[in-house]
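Residue numbers (mature numbering (1 follows the signal peptide of the UniProt record, and there is no 0)): -20 to -1, 1 to 315.
Keep in mind that the hints are not guaranteed to be accurate.
Claimed, not checked - In silico DMTMM-like pairs for lysine to aspartate or glutamate, Cα to Cα no more than 20 Å straight-line:
# : residue 1 : residue 2
1 : Lys263    : Glu297
2 : Lys282    : Glu240
3 : Lys87     : Glu6
4 : Lys273    : Asp215
Unchecked claim - Taking CB as the label site, the calculated pair distances span:
# : residue 1 : residue 2 : range
5 : Lys124    : Val102    : 30 to 38 Å
6 : His99     : Gly127    : 37 to 45 Å
7 : His19     : Val102    : 41 to 49 Å
8 : Pro214    : Glu270    : 24 to 32 Å
9 : Ser107    : Gly127    : 37 to 45 Å
Please keep in mind that the hints were generated in silico from the structure rather than gathered at the bench.
Even for Gly, the Cβ is constructed at its ideal location relative to N, Cα and C.
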Amino acid sequence: MFRIVLTILVLLGSAHVAQAGRVTLEVATEKGVAVTSTHKWVQALQSAGFDDVRLRAGVSGDATAVNDKGAGNYHVVALLTPREVLITPGGQFRINDVAGMRAWLAKVRAGGKQELQRHESVFGLTSKEFIALFDKLAPPVGAKTKGTTAFETMQRINQRINIEFRAAPSVVARMRQGEVLDELELVSCGTAVAAMVRPLGLAMVPRRKAGGQVELHIVDARDAKKPWPVGWAPDGNPGQVAPTMFQYLEVEIADIPVQEATEAIAARVKLPLLWDHNGITAKRIDIATENVKFPARRTFYKKLLDTILFQAKLTLEIKVDEAGHAMIWVTPLGK
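Could you build the full structure based on these sequences and the hints that come with them?
See the structure below:
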């Protein structure tokens, strides 16, 4: 249950942490390395966290390597050049770069050569990891959300998808109190979470520790360098993605609030409607009282929406969720 993940695992940490194995280091010193520097290198490498460090004179054919000894144990062969550069598989370090050596060593401990060869794309994930996460977040929420708390909806989402969410107790408290402002029943879980926590000053961020599984963290938005977005730009043109937005109708709107008018139109075109509540609040636009109108004429739904939203200093964007389903995203003009 989501409740357990957020309130117990966050406070106590993971249920179990794998015992890290030993990583030993063998450094082949190339011809020309000053003998006086070898002792300093041993100290630096021990400070970096290697379990055992041995320096020897290099021989012809020496090459860097990470050898898997089983049970999480690895033996590393590195080269030390006359220019005082330590060369490892996938890394080069000066003697004062202890932090860099530690980070490299952490990857080796987490998964050896495989971890070192990871090629990250977005959110610090490999392409394969990102696609897998994207697909897991594609199911719809499948329950009414507007007026519930963010915590209640997160519990439902956690029952729908097999992904672990993490959050600090202070974040959980905000989710328990914060109301979901949009109806997200038909929206995919990933976009829904991003949308419902955003007005609370929170964000969803995928994270993966070296050698671990991908987790979704709900964090303060100020701590999120790259949060999961509220929807994605569609691959096709708007007419392909949301054909109902381009159907014609005879219509007249006479002085009603922009929120009421927009919600009625969204229901007609059968698309989820999500508001940029943060941006709208920042621009001091009251969508519940800002009235709009449209003269009696024949038009299509997108043009109708564009016209009335413009009157309230708003605009729309057709986005898609992780399932590829279209939705209407309303933001302030000039944002």
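Just to be careful, I want the Cα atoms of Lys263 and Glu297 compared with a cutoff of 20 Å; is the pair within it?
Judged against 20 Å, a Cα distance of about 18 Å means the pair holds.
So the hint says 37 to 45 Å: do the beta-carbon atoms of Ser107 and Gly127 match that? Since Ser107 and Gly127 have Cβ atoms about 38 Å apart, the given range 37 to 45 Å holds.
Q: Note whether the CB distance of Lys124 and Val102 lies within 30 to 38 Å or breaks it.
A: Given a distance of about 32 Å, which is inside 30 to 38 Å, the answer is holds.
Does the hinted range 41 to 49 Å hold for His19 and Val102 at CB? holds, 44 Å
- Pro214 and Glu270, beta-carbon distance inside 24 to 32 Å? Distance hint for Pro214, Glu270 holds at roughly 28 Å.
*Agreement of Lys87 and Glu6 with the hint, judged by alpha carbon distance not exceeding 20 Å*: Holds - the C-alpha atoms of Glu6 and Lys87 are around 17 Å apart, at most 20 Å.
Report task. Go ahead and decide if the range 37 to 45 Å is satisfied by the Cβ distance of His99 to Gly127. Result -> Given a distance of about 44 Å, which is inside 37 to 45 Å, the answer is holds.
Going straight from one Cα to the other, do Lys282 and Glu240 come out at no more than 20 Å? holds, 16 Å
Just to be careful, I want the Cα atoms of Lys273 and Asp215 compared with a cutoff of 20 Å; is the pair within it? violated, 33 Å
In this structure, only the earlier hint numbered 4 is contradicted, and the remaining ones agree with it.
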